[in-house]
Every structure is written in structure tokens, then in C-alpha cells.
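Fit chains B, C, D and E to the known structure of chain A by using the hints.
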Amino acid sequence: MPSTDRVKQILSHYASENPGTLTNLYRLLNTGTLAGTGKLVILPVDQGFEHGPARSFAPNPEGYDPDYHFQLAIDSGCNAYAAPLGPLEAGAAKFAGQIPLLLKVNNSDSLAKVDAPCSAITSSVEDALRLGCVGIGYTIYPGSGARNRQFEDLRELTLEAKRKGLVVVVWSYARGAGISKEGETAMDVIAYSAHIAAQLGAHIIKVKPPTAHLEQGEAKKAYEKAGIKIDTLADRARHVVQSCFAGKRIVIFSGGEAKGTDAVLDEVRELAKGGGFGSIMGRNAFQRSRPDALKLLADVMAIYKSALRQPRLQRQRGQKAVSTRW
Amino acid sequence: MPSTDRVKQILSHYASENPGTLTNLYRLLNTGTLAGTGKLVILPVDQGFEHGPARSFAPNPEGYDPDYHFQLAIDSGCNAYAAPLGPLEAGAAKFAGQIPLLLKVNNSDSLAKVDAPCSAITSSVEDALRLGCVGIGYTIYPGSGARNRQFEDLRELTLEAKRKGLVVVVWSYARGAGISKEGETAMDVIAYSAHIAAQLGAHIIKVKPPTAHLEQGEAKKAYEKAGIKIDTLADRARHVVQSCFAGKRIVIFSGGEAKGTDAVLDEVRELAKGGGFGSIMGRNAFQRSRPDALKLLADVMAIYKSALRQPRLQRQRGQKAVSTRW
Amino acid sequence: MPSTDRVKQILSHYASENPGTLTNLYRLLNTGTLAGTGKLVILPVDQGFEHGPARSFAPNPEGYDPDYHFQLAIDSGCNAYAAPLGPLEAGAAKFAGQIPLLLKVNNSDSLAKVDAPCSAITSSVEDALRLGCVGIGYTIYPGSGARNRQFEDLRELTLEAKRKGLVVVVWSYARGAGISKEGETAMDVIAYSAHIAAQLGAHIIKVKPPTAHLEQGEAKKAYEKAGIKIDTLADRARHVVQSCFAGKRIVIFSGGEAKGTDAVLDEVRELAKGGGFGSIMGRNAFQRSRPDALKLLADVMAIYKSALRQPRLQRQRGQKAVSTRW
Amino acid sequence: MPSTDRVKQILSHYASENPGTLTNLYRLLNTGTLAGTGKLVILPVDQGFEHGPARSFAPNPEGYDPDYHFQLAIDSGCNAYAAPLGPLEAGAAKFAGQIPLLLKVNNSDSLAKVDAPCSAITSSVEDALRLGCVGIGYTIYPGSGARNRQFEDLRELTLEAKRKGLVVVVWSYARGAGISKEGETAMDVIAYSAHIAAQLGAHIIKVKPPTAHLEQGEAKKAYEKAGIKIDTLADRARHVVQSCFAGKRIVIFSGGEAKGTDAVLDEVRELAKGGGFGSIMGRNAFQRSRPDALKLLADVMAIYKSALRQPRLQRQRGQKAVSTRW
Amino acid sequence: MPSTDRVKQILSHYASENPGTLTNLYRLLNTGTLAGTGKLVILPVDQGFEHGPARSFAPNPEGYDPDYHFQLAIDSGCNAYAAPLGPLEAGAAKFAGQIPLLLKVNNSDSLAKVDAPCSAITSSVEDALRLGCVGIGYTIYPGSGARNRQFEDLRELTLEAKRKGLVVVVWSYARGAGISKEGETAMDVIAYSAHIAAQLGAHIIKVKPPTAHLEQGEAKKAYEKAGIKIDTLADRARHVVQSCFAGKRIVIFSGGEAKGTDAVLDEVRELAKGGGFGSIMGRNAFQRSRPDALKLLADVMAIYKSALRQPRLQRQRGQKAVSTRW
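Protein chains in written order, with this note's numbering: chain A, 2 to 327; chain B, 2 to 327; chain C, 2 to 327; chain D, 2 to 327; chain E, 2 to 327.
In isolation and in its complexed conformation, chain A is listed as follows (with noise of 0.2 Å):
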């Protein structure tokens, strides 16, 4: 498929890469559904790693095999699968060449009892090279207090990805003593950990939707100020989008919990609407039979496409500075 006016648009926001690097953003954006549209759905099923086998695959016991979500993938018209290295060795070799892959190098688990996350770096830019993966993920928990070994592991492995033409993809998750529970998800924290991923030089972020709440006195008084539209989910999608470099940046959001399918549709909508570059859906996908997960995937990739068709009116009623720009 040659390439679409999007996709080179997109591409010239990352022109510093390396064409190796750009050549795998260019598979990411040209697989699946919603090749060529600058949308993005990925499968991620790190949740056994991160939850526990049972509470990620006995809603769907078809889940414990990896070869099934290599699978569910492809079917599904996904842009990508992203797991890690365990996964991703069992069925590399099987699916070669199906599916855009990304290699999760960082993980944590909840077996252990922490005051603040702290993945571990469980593989390397060299299993992605030999498992023929487009890139890497890495997950980041700004406001933790480990915050800052993350971000200088997350260094190496990025000068190391980029030199070898890798895609690199950040999880930015907040966290932390100065951070509510509530907050995690404030309009301001994701967008400022959103931002950090962005500043850290990752190609691709992903992060929660955010709430209408503010965390930070300081933000609010910003938000406040500059009158930033936070009332709708599409708003604040809006302003995260604006965040990542003024849309130059792919920003996705997660799912988070599985929950019901009208709610995950109309989030994505909002999300759409709000000019979201798309979503990565793990346990909504996965945890749902695949009749089911085939079913969501397909109006969720249909929802990302259909805010494509009217795009001029949604940048008429967008923040001038932005929609000018994605």
C-alpha cells in the first residue's frame, strides 16, 4: 500500500529519526484496519506479567496461549502487539512477519508489596532485533520516586533503539507520594506525564483518558488562566494531544479495566472526537470471548476511522493553534 498524505504528515513530525526508525513508524501506521488513516489500535497483553495468569486469562482461558493474542491480532486488523519477551518468543517465530510487534522491555508485577512501582528491565534492544519486533515499550511512573533510575534507564535503551531504527513507545503512568489517587488520572498530571514522555524523546505515548479533575494548585491556575476547555472527555483528549508536542507526537490512550462495551465505545468516542491518535485495548479485548473481542475491536477501529471523515469540522470548533497542526 503506498503511503497517504497522514502518513507522510506524521512521518515529517519524526524527521530527525533515522529512516530505520521511520520505516518501522511506517509499518505501525500502514498495518491493519486503520492503515494509512494515522490511527492506531494495538493489542498490549502485558496484564499476566503485571496482574497475575488468573485474573488476566480465566475470564477467557483461551488467553493463557500467546498464540492467541498473536492471533487476535492479526484477525482483529490491529496495528500492532505489543508483550513481553516470554510472549513474544513464543510465537515470534510462528507469526513471523504478521504483525508489527513491540517488545515490552520494562515490567512489574504485583506479587511484590512497594511503596512506589518500579518496573524491572526484563529485556533488550538485541531480543527486539532477533524477535523482529518494530520497537520497544517502556513504561515510566513520573512523581514516583524511582522516577529518575526509569528515566536514565530509559535513556540507554532509547539512543540504543533509535541507533538500530527501532520505534520507541512510552507508557507514562503518574504515581507517587505528591500525587492523590484521584490525581493519577487529573487532567493536569496526564497531561504532564504525557509531556515528560514526550520530552524524554519517546515516538509514541500512551496514557490514560484523563479526568476533568486538576491535581496541582499551580496547573490549575494555568488551566484556569488560559480558559483550557477540560469540560468533555474529547476536550481533555484535546489538550493531551496538544501536550505531546502540539499533536507531533502519536499519543494513545489505554482502556484501563475491563468494563462494558457501550462504555468502552463511548470513551473511544470521545477520545476520537477529541483527536486522539488511538487506542491501545488490552483486557477489553482479551478478557472478552473472541467473537466478542473481534466485535469491539472492529467499532472501535470503525470509530477512529469515521472522525476521520469530518475532520475540518472538528478543527473549526479545536483550539485554532492546534488543529492547524494534526
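The list makes no distinction among identical chains, and a pair is therefore deemed to hold if it is satisfied within one copy or across any two copies.
Computed list of lysine-lysine pairs in DSS-like fashion (alpha-carbon distance at most 30 Å, straight line):
| # | residue 1 | residue 2 |
| --- | --- | --- |
| 1 | K222 | K249 |
| 2 | K9 | K249 |
| 3 | K182 | K222 |
| 4 | K209 | K226 |
| 5 | K114 | K222 |
| 6 | K114 | K209 |
| 7 | K114 | K230 |
| 8 | K221 | K209 |
| 9 | K226 | K260 |
| 10 | K296 | K222 |
| 11 | K249 | K95 |
| 12 | K165 | K95 |
| 13 | K260 | K222 |
| 14 | K114 | K226 |
| 15 | K296 | K226 |
| 16 | K221 | K114 |
Hints in this document: simulated from the structure, not taken from any laboratory.
Below, chains B, C, D and E without anything else, positioned relative to chain A:
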């Protein structure tokens, strides 16, 4: 001996590995009494490091001599013998080629008073090659404070071992502030620990037989909601195997503390019934007299063999999603 | 696009390679007009280095611009575009991801007066990664005085390329004091040259179409004794494919010097009939005007496609030992 | 299978090597029909590289497929299969573990017109590890102009191979300006060539069966003065074995060009009688039909086995100094 | 055994070397019958490589077995045993620590027809370390066309050997177009060859006993003008020692071809009288029967010992400048 269908099937689950690793995996699976069955019994002797010589070898003083264990593993028809650097060096030349060796590359002792267990890395992949080992063994303590350093050290050892054609065996024992003593062998915790080893890229996973206890609140809900059968040890073993990529990773069970012969065999019977790939049996073997140890190991192997004769029946009784896979 | 049975079959012949290499092989085989058929047409443009710019590009001056060749490869539906470092750097960012790239890592020029051809290594595996290539290309001159150095350089490049998940394509052209001009394309010499590339670990082998001449005395006896059919080019292509591990290595044919359209298509028809995996067509493509080149390449691809519709018939006519394998 | 006294004795001659190398030597000696006897029959297939595909495989076209040779080596009960990189890669994953592999790391072809043969190094110790080989094979041409470079390249490969636990097999063929065609298989030249391989640290040495010709003047005097028996091939084989550290290095004989079955068996009978450790039989095996090859190899192995039943008698007839040693 | 004044004095001449090298030099000087005297007799067995096995070992067939030479060196009270890689590997484990070993790291053979001798480097400093050698031995051919490459290879080996605490022994034999056959053992040529070895950093230098011939015109003038005494072999040996840093480098003499016992002892008597540090005696030792060899070596050692009892007298007769130094 030519390859069997079952061994071919198991190797196919490791298709992303190079032929060197497949060759060593084949050697493990095609040695001893259980050669070709896809089942394994391994003799591990790292207790001298972990508990001191008297606690380990005084019950059967022949065990002070490393040669004794090589010979016991060979004569009993084990698939492999696993030990730290020193004991392997003591006998590797004399017994070269007679039994697959696994170099236990990290160890912890019980002289130091520590809050959380943390093994030291005591040998290397290069040692494994010069000693003629088929693979390395490594212990992780998921849940412990030092787990991340362990995972990260394992990541580097695994990458090198796989590049050089070795097998990676991971001993996975949950520990730590967030886990009660009873919880260390809880169903959910054992399944989770085994799953983490699989996620980290282990080829073979060793855990303790799980009890019916459920430790973590969120996990308990998941087990109950999904109606996961955990009443008998066979049920629980089946769930552990399922938790290791739906049976696509080899998972074996330790015998734990020395105990009566009937107790050992009853436990093995259940593990075999539940589809466990085998046992790794240290103290229950080498702390018995040589004749008793040979008899016990022969009985254990006979149980795993007889379990193979009725697979169809077993599978019909097992959970459907799982039974069709291994 | 999902994998086809034929692509799966081809990949199965490379099962010793890591998933990274399989992934890039898949990309090559699943791009362009011939995607999924197991057939390939590749556009190579290294003639500027080999013969100088005027001899290469004056017939169609658009070819002075490296972008022209990227676009031609994309628009014509080629599987890949192959070129030395400079031209790939010139367009790799602009066309990132739109066409699989092969970095030709050694090249020879015709400024130097040399008795025996010996290419210089002009780029590296690291270059291939940063430019987003699916593999590297390397020319050997079996029979030449410098062949050993070439084989030894290739050995190191191959080891590194395979570790990092790249495909290795070997151009194999016999030359040297012991080979007559006519012998360079002799049946036995071409088959032997292709076989040497396979022996050296090449994934894809490129040779010239062989003539019915037999060059070496000992070989001639062997051909006559075994009654190897070499009357038609189809026969000869079939024998070259057989000589590359009974069809288990991809072998493609170069078009050689620019010639008339009918001559090109007649040749391709025979190569396709003989089971050739495809063509690598440089001067015959880029020295024609763009419309003519597009037409020619489309016709070539159509021939390879139509050859697939009658495989059973072809095989019945082929030599039994071979026909059952590919 | 437990070790036999003979295998233990042989391994004792390599006591300076690390257990890794001893383990791989043990694997070689404990595989196939001759397992445990201290005798070996190895299937080598590097003729495709050396003489071209048609001369090698046209007599039995199944041999074009690398899988054929793996299967032949396994089914015939050979101790090992030796081949260059490409063919080993073609089958190493599929046949992983079923037969010890030797990677032939240098090769020469017969396309080049050369005064003195000089193999190119075509693969590495790292390749041997990733493919699961028990060792590497290397050809030297003592007497040739390029011998020193060969010895020096071998020195580095040997050092690395031994550090990583691999076996080193050296093919030793005298050639060069100072040696007549007849001299290449002369008694003194073969013994000297074998001895040079032993001096260079080879574990296993392969030479051609010697004739009764004596090539070098000084050597002739020494043979005559000492009354070394060289009348029968058995006498000559015994002297070659003696020349390899009095039987403390494994020396095996090549079958040479394809010939009649009786000729092959007569030769093997003499080699066995003279205490040869075995045969490496390529063309005489794979150029026959599979049933004929299986029959021939079985007969060859039977001869080596039967030679073991009457060792006392043989030794009484042999030279005293030697007879007490092997 | 505590160090003697003479050994301390000798070691003081190597004070720039690290203690590791001094330790190994001490071992050489404090082993065997001549321990502590500052005199050395070394058994070298590289003739198998240089002249072939029959010419070397047929006169005394026990010598085919490398163990024989280890035992002979030990039982005869030699200071060291020197040999190439293969023979040292054959016995180094069995005889570990019983006799200082010197690894002969380059060797030449007499199968090749060559204009100028040029040894191949056949082992390495790493080999010397793993085999427990006290040092390495290396042959140079000053005057030959390949001398510079030899000196440069030696430079690298020497640098590494000294860094790792080994002793460097240099065999120095002049050869080449500018030197007549008679000149190879000429007084001036031997002295010059020994001096070059000293210049290159050798710790121990081995040359042939010089004749009274003077080869080079300019040298002849210098000898005559200075009135250097070269009438007796003792005179000439004294001059060679003087030429090696006035006796501050250990210089030993080879016995050359096998010859009659009286001839050997007469030669040694002169060498000892002239202050030679000792003999390196190969064929004259191992080509005799074991009892004869033991007797000869004992006699040789007795001569060196008795020479020590009358040093004052000798020195009065010698040149003053030298006599005060050793």
C-alpha cells in the same frame, strides 16, 4: 534414539530459539528413563550452598562427595543433574557426557541474616560452556524487594545463554513483605510465580506444588468468578501448567523438604495426573540411602510414565480450553 | 495480508534463523504485485557504482536521481529495491517503509584496471539497520583469485546480519583464470556458483540465466552420465533451483544487459516455467522510459503469476526427485 | 547409555581439555551403531562446495536436499554428520539433537584455478554454538604454500573452540610443489600430515588411506632403517595411528572417490585391522541410493565392530611399543 | 629450596620484568639436577613437527607417545620440557606441575618446498597459560626474507607473554640469501643472531654452537682488529655469552643432529668451560633408548656442575670485562 512425536511437539513451542538451544532441550528430553516421553526428573543439589553441608549431607554422608550425585543422577535415569559451580567442576570431567548438566548460576546461603532473599550470581554462561552443560539455572524471588535486580540480571544471562545455544531453567519462589508464609505456596501465588518466569523467557520453570490457599484478594475473586478448579493437587498442577503459556512451557515441580516415601509418591501421582512435566527432586533423593533413593526415583519415573498411558481420559476430565493444547 | 501456504512453506526452510530474519524474509515475500506467491521481482541499481553514471543513467536521465528508482520500485509493485549506501541514504527517509530495501554492502567499480574483480565492502549491517533495510546484499566471484577473502568477509557480515534479524542476499558470479568468458554463464558454472552461495548461508541467491554450455570437464561427465536435462532455459533454471538445496533456498535470476522487450519476456517465461523464484531486473528496467519500465515489470510479474496456476502439470514434467519438494 | 571402558580410556587421552570438550567428544563416541566402541563412522557432505552440485548429487538426486543427509546419518547409525554452514542451517532446527553435528568451517571449491589449494574460512565457532554442533572441522594442506596461514587461522579457531567446549576435527591433506601426485598419499607423507594435525592440537584427525610409496628421501631412510612395516594397508593404518601420539589421538580415514562396494569394504577391513578409529565416508555413501547407502554403512560399521572382538590377537601381531597403548 | 646467590644474581638481570615472569624464571632455574646452579638442560621435542614422525621417533618408538618425553624430562632431572601445542596438551594434565613446560608457539615443517624457512604461529600465550607453562618458545630466522614478519609477530607474543608473567625463549637460527651454508654457524653470525634475540627482549636465547668461520667481511675485520679469541669452542661460547648483554641474558646451546656420545660430551665440556648457561638437547636424548638417554643427560648435567667448581680459575683466564659479571 530418534525423536518422538511428543518431543517434536514440545520443541515446536520453542521455535523462536536457535538450533543450539533446541539441541540442548532435546538432550534434556531424550536422556534417562523418561527419554522421549516429554516428562523429566531432575536431580538438583544446591542445598549445600543454601542450608550448609551438615543440614544437607549428614543424613546420608556419601553426599558430601560431589561424585555421588553425578552417579546417582546417572544410575537413577534422571534427565539431568543441576548444581552450582563447585560441585559441577568437581565431577564434570570424570562424568563428561554421561548426564546432561545444568549449572545453577545464582545461589543464596543461610549464613547471612537478610530480610529478603537475594541470590548472588556465582557463575556464568562461559562456565556452563566450558563444563559442557546443556543449560543454566537461575532462581528468582518474585515479590521480594530485590526481585527487579534479579529479573535484570536474568535478562542478561538469558540473552547470552540463548545466543550460545543453552537452555534457561528458572526456579521461581515467591517471597516478600506482601506474601504470608502460607501464601508462598498458595495456588494464585505459585501460578503467578511460574507465569513470571515464562514471561521472562524461561524455557523450563520450576515451582513448588501449590496448596489450595488463595493469597491475594483480587486473585481470589478471579479464581472464584471463573470457577477454576483447585480442589486436588492434580487440579492445581493443571492450572500451573496452564499458567505457563497453556502448556507451551515446560513446568516441573520441586519435592520440597525431605518426607516419607508415601507422601512423595502421592504428591507426584497428583502432579502427573494434572499434566505436570516432571519433578526436580533433591533432598528427597540424596538424603535417602542410595538404594532407597534409586527406588524412589524409579517409582517417581514410573508414575510419570503411567500417566502418559491415559492421556485421552485425563484430557476429557480437564478444562476444555487447556486440554486441547498439551 | 495474512500469510499464504506457499510463504509459510518457504519460511519453514529457514527454520534455523531467528524470528527477526523470518520477519524480514516475510516482508520481502509479502510486498508488491507478487505478494504471497513466493515469487519475487527486485529492482537493483548498483550499475552507477559498477559502470559509472553515464553508462548507467544517460539512456534514461531520470535515473540520475536516486528517488526515481525508489518510486519505480514502489509503483511497479516490486518486492524490494536494492542499492549501495549512497543511493539508499538519498531516499530512505523520504520513502521510509514504502518498499523493502536491500543494502548492497560491497561494490566494485570499472575505473580500476584489475585482473580479477574484487568488490570493496562499502557499508555495514549497522547501516542496514539505521536505513531500515530488510537485508543486505553481497557479491561473490567464485573462481576468482580473491574469492577466499570475499567468502571470509561475507562470513562475518552474515553472522552479524543473522543475529540482528536481517536477510542475506548473495549475488554469485563466477570469474577467474580457470573460467572462459563463455564459461561464466555455463550451466555447470552457474549451478555451482549458486550452490556455493547456498553453502555460505545465503537466504536468497542471485545468478545469471545459464546457457547450455558445460565448462568443466569433470562436470560435463557428471551431467551426461546423469542425463540432466539442460536443453531449454526452463530445464536449466530448474536445475539451478535444484542446486540450491532442492528448492529450499530462494534463487532469482538477473536480467543481464539491457535488451529488447521480447527477449526479456521470453527469458522470464522460461525461468518461471523452470521454477525460478523470480527476477532481479536492473538495466532492463531503469534504462527504459518510466512507462516502458512499468509495463515491462508488470508483464514480468504477470508471467511469474501465471506460472503458479499450473504447478501440478509442471511438476509432472520435472525431475521426480525435485518435483516433490518445492 | 553409560560410558564404556574404551570410551573412558580414549577420553583420558584428552585430559587437558575442559569438560565441555570432553562432553562433546563423548557425544560423538556414544552415538549410533558404534556407540561406546571407540570406533566412529562419520557422514561428511562438503562435496557440493568442493566439486559442485552436479558432480556431487546427480548420481543420487535426493542428495540435493540437505535434509536427506541429516536423515541418512541418523538412520544409518553414524556417529556424526559434518557439513558447511549452509546445509547445517537448512536442517539444524528440524533435526535438532538427533545426530551430533560438525560444522566444516573452511572450504575450497574447484571453480578457481589455483596452484595451491587454500580453503576459505566460511563459518565460525559462534555459528557452531548457535547451530548446536559438537565441534568444528577444518582442512589443512601441509606442504602447500598457504599452509602457514592455514595453521595460524586454525590456531585461533582451535583456541576459541576449546574454550567453548567444542571438539576440533582436522582434515589433513598434503599438497604442494615439493610433493608429487603419488606422494600425496605416500606412507611417510600421510603419517607426517596426520602428525602435524596432532601437533596443532586436533582432537580427531582425518587422512586418506596411505599407499606403500615413500616420498621423501630422508623419511625413506628412516623407514628402512627402523624396519617399519608398511606392506599391507593394515600395517600402514597402524603406523598412521602410531604417528598420532601412539594412538592417543583419534584418527579416521576417508573413503575417497566413489568406488565399488567390495573395494570399499576391503579397504575398511584393512583399516580396522590396523587399529584405525573409523571412517568418514561421503561420496561412497550419499552417491549410492538410500537403501544401498544404508547397507554399505551398516557393513562398514559391522567390520569395525568385529575388529573389536579379536583385539588381543591383533595386538600380538602389532608393533610392541604401540600395542600396549591402544 | 631457598634461592641461591647465583639464581638471585641471574634474576637481578631481569629486574625490569614483572614478578610473574621472575617467578617462572625462578622455576626454570630451580628445577631438576641443576636447580640453583644457574645452569639449565632442557628437553625439546618439536622434531615431529619439523621432520615428521618416522624420522623423529622410529629410532626409539617409545617417543611416538608424548607422555614418554614428559617422563624422560622429569626422570632425567631436566629443568624444562619444550614442545608444540599438541604434545603438551596430550600430557599437561597428567604431569601437571611435575616439570616446567615451555610452549613452542611457532613451528615449521619439511613437507613444504620453500625457499626460505618461515614458521607458522601454531599456539598462543593463552594456550601457554591454560596448559600451565612457564614460558613460550619462538624461532626466528635472522637474515631470512621473512625475518621482519617474524620479529613483528614475536613482538606481539612477547608483549603479551611478559604482561602475563611468562618467560620468553627465542631459538635464533640465521638463514637466507646473504648467508652461506657454512656461514649459518659462523662465529660472527651466531653471535649476531644471539644478540638480535637479546635485542628483541628474549629472556633465554638458544643458538647452535659456533664454528671458527667468520662470514661477514666487516665483521671479520672487527674480530681481527680487537683480537677476539675464537680458537676453541670454549672461546667461541664465551664470546656468544658476552654478545648476549655480557652474560646478563641466559644463552643455551643446541646439540644439533644426533651423534655419538663422546662427540656430544666433548662439545658440552667446551660450552660449559666457555660459560654457556646450558644445553637444549632433543634428538640426542629422545632418539637414544631410555637408559642411554638418562645416562647421557646425567653426564651432561655433571659437566655443567663440575664447571661451577672452578669458576675463579676460568675467570682469570677469561676477558676481564666479562669475568666480573657472571
